[in-house]
Structures are given as C-alpha cells and as structure tokens.
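Enquirer: Listed below are the residues making up each chain.
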Amino acid sequence: MTWRMRGLAAVAVLAAASAVSIVAAATDAEDHAADEIRKYRQMLEDGNPAELMEMKGEALWREARGPTGASLEACDLGLGPGVVAGAYAQLPRFFADTGRVQDTESRLISCMVALQGFTPVEATRDWYRPGSDLEALVTYVATQSKGMPIRVPVSHPEEARLLAAGGELFFRRSGPLDFSCATCHSQDQRRIRLQDLPNFLNPADARASMVTWPAYRVSQSAVWTMERRLIDCVRQMRWPEPAFGSEAIVALQVWLQHQGEGGELQSPGIKR
Amino acid sequence: MSVRRRLFGLVAVAMLASSSMAGASDSVTDAIVREAFATATPEEWRDRLAQDDAQALCSRHRNLPPPEVAAQILESQRATLRLPDDGRLMGDWRAGEKLASIGTGGHIGRIQPDPPGRAKGGNCYACHVMAPGEVAAGNIGPSLTGYGRLRGNTPEMQRYTYEKIHNAQAFFPCSHMPRFGHNGWLTPKEIADLVAFLLDPASSVNAGR
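Chains A and B, in that order, give the protein sequences.
Residues 1 to 272, numbered by our numbering, are exactly what the first sequence covers, in order.
Residues 273 to 481, numbered by our numbering, are exactly what the second sequence covers, in order.
If we strip away everything but chain A, and leave its shape as in the complex, we get:
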C-alpha cells in the first residue's frame, strides 16, 4: 500500500468511525461564522460603510484640486472622457495615451497627474491607509458599474500579453513557503481555518468573488480595492511587497476579471 493510499484509507476510516462529531462541530462553527456575517450583511444592506467612501470619492471626482485646480471630470476611464458608468466593469484595459494596460487605481493616478498636476508620489501617498483618497475614488468609480457584467477587453496585444502573464503569475511559486496564488485558490470548497477560499479556476467561483470588489472589510474597518487585496495576498505569501500599480498586479487583475467574466457587479461588497 502506498503512503497516499494509506492516507486515503485513514481519512475514510476516520470519516466513517470517529470523526462524525468533529465534522459536526466544525460545521457548527462554520455555520455560526457564516450566519454572523450574513446577519451583519443584512444589517448593513441599506448602509454599507463603503457608501461613505463612495460619497467621498464622488466629491473628490468633482472637486477642483491639485496645482492645476482641475477636477477629474474629464478623466477617461476607458469609455470616453468623464464617462464613469460601466467603466470599472471593463477595467483593466489598454490606454493609448499611456501605452499601458491600466487598472482603476493606476488609471485614476494617471488622471490625477495629467489633469490635476499632482506628482505620482503625491497621487499615491498613503494609498493603503483606511479612508485614503484613492480608496474613495476607486469605490466611487466601481459603484457606478453596479449591476453591469464584468467584461475586460483582451483583444489589444498588450491586453492579451497581460492576460497570459496573469495566468502564469497565478501559478508562480516561490518564497520560503513555496506559495503561489494557486496554493489556496485552485480547488473547490476549500478553507484556510474557517475562511472560505474562492477557486479562481472555477468560473462560477471567480464571478462570485470578483463582483464583490472593492469591499468593505469588517476586520479592517476599511474598503479594500483589488490592488490592496492582491498586494496583501502577496504579503501573506511572505514575498516582498510588489510595487503599487505594477504590471504584475495589473496582469493578475486582467486574468482574474477574465475568469470572472459575465458576473454582475455588486460593488461595493462587504466581507469579513
């Protein structure tokens, strides 16, 4: 008998003979945690704290700011200058003026630099702090795609390049724990401790996850954008921190959005 078979046999014996009560207890705990989050979600249905961020973001979008004293209302998020509705559902995408595929965060920064005269450093300062301007702006932009299906363009060669790279990055293992995104996110119905993990190889799971970003995170008392989520995943993998707005993070988003294509956005979401 191989070790693998022994292991399987052991699991079978366990399930049949001794683990019924354990499984029941674990299920109870999960149900309890899931129940609490469901209740919390219901409670906040008419008042997700992310809506404060949305309002702040909308005000920032319209306010004349920066050295040039311009608003962001002429910013082109991919659907034409000033068009916010539906833009998030089609990001990241290629922008001819910067020659890059950009996500919502990096596109907003380009606009803050080009229209308002901020330096890139000023535009990204403290982006990860709860309540940051960028967090608010992304929340506002994403909310204007609520109810619309995710559909990122992949026809431009640069978009196709990042889509392929994103898929490779998802499986790229390194570091002292040998982790990649796929370690936690390539099987159905898996958990870390009691935290459910979406399987991004399964389109239904990918859709269900991607439509909920950006999300108010109860444990963080803050809205996390997709960049924030991914950069923290990389931290948890014990890798160094990737640069905010780097191509690697954008490529992962192109791939993830593509996996979640067709999902109707519910932004902003609310999570543990």
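Honestly, the hints are just simulated from the structure, not real lab data.
Errors might be hidden in some of the hints.
Stated by the list, open to error - Here chain A is said to cover these stretches of chain B; the calculated rule only asks that three of the stretch's residues, wherever they fall, bring their Cβ under 8 Å from a Cβ of chain A:
1. 312-320
2. 336-346
3. 388-401
4. 457-469
All C-beta atoms, glycine included, are put in the ideal place defined by N, C-alpha and C.
Since the structure of chain A is already known, use the hints to place chain B on it.
Expert: Relative to chain A, chain B alone:
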C-alpha cells in the same frame, strides 16, 4: 552595508537574471516580476523571489507535472532529505501543538511587516483538521485527526512523518504543502515536536472519541 555585502547582492541579482529565472517559465512573465519587485533587496530576491528547480517546474506545469518531470522532482527532492543531527525524530507534542497554531512570522514589506524575531510556526491548522477540540481548521490538506492512532509510531513512521514535514515534495511532487525543513522555515527540533504532535499517543491529535 559593507562593500562585500553589496557585491554579494549584485552577484545574486546577476545570477537571478541569468540562471534561476531563465529556468522558470517564459521571459515575459520574468520581466514583469522583475519590474514589480524592483525595490526588493538582493537577499529578498535570492530567498523569496527567485525560483529553485522544483518551484520553477511546478509553476511551469501548473502543479500537474507530466510523469517524467514528476520523477525528476521526486528524485531531486529526495536527495534533500536530512534527518536531525541528534537523531531525535519525536520531540514534545505540546510544543508541536503550539507550533501548529502559529500563523504569524516572516511577513516583510512596508505596509504590515512582522516585528523582528516574531515567532514562526507551522500554521498546520490553516490547512489541516488535527486535534478534535480545534474546530477552526482548514481543509486545503487532508484531515490529520488520529494520525498516530491509525498508523502507530514505529521508527519507520517517525522517519516518514519527519521527512514529509521536512520536504513534502520528496513524496508528492508539486504538493501544495510548504517544504518546511528544506526551506529553513522550521528547525529540526520544531519538526520533531510536530512529529510528536502527530504520533505521540498522548497528543491531542490522537485523543479518543
């Protein structure tokens, strides 16, 4: 930073550009990774971003290596197996129980690094059901409840368990499980404590129904 250290760093980056990363996958993705982590130190590049052969092969084959690649990984990883110098494979199960719950340590970066010297553990509970009393257990790996009760704790079983924690890929190529000993995440003593947590008849993992 001494000149010698700087030179070493440069050598590490050069090595990375030429050998390790060339062995990974295609150069497009490698270039993207280099750009994203441009501010990582040479040490971080060497230890956390460059891929060894097993990591590169598992990435390229998306953790499903064809038989000949699986055999190659198995052979190279078996060659890394080391038993502790003092020969002690079973340590203190209570110390192992603590290590199984510790999920902190080793985080780096600017936003939320761990304080220096923060305890690292095996964080086994993130992925495995173990002692029946701990219900907040993950399921990326198989349940290990009753591991020793079901298998006994013969010297052979102790050795297998130790080696499995030391380098899971010496048994299952491209396993999701970290190579705790091989990568230096856990010390030989810590692995022996985890072996005891799994195999000691008194351990909470093996508590009766």
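Enquirer: Could you work out which of the previously given hints the structure breaks and list their numbers from low to high?
Expert: Checked against the structure, the hints that fail are numbers 2, 4, while the rest are satisfied.
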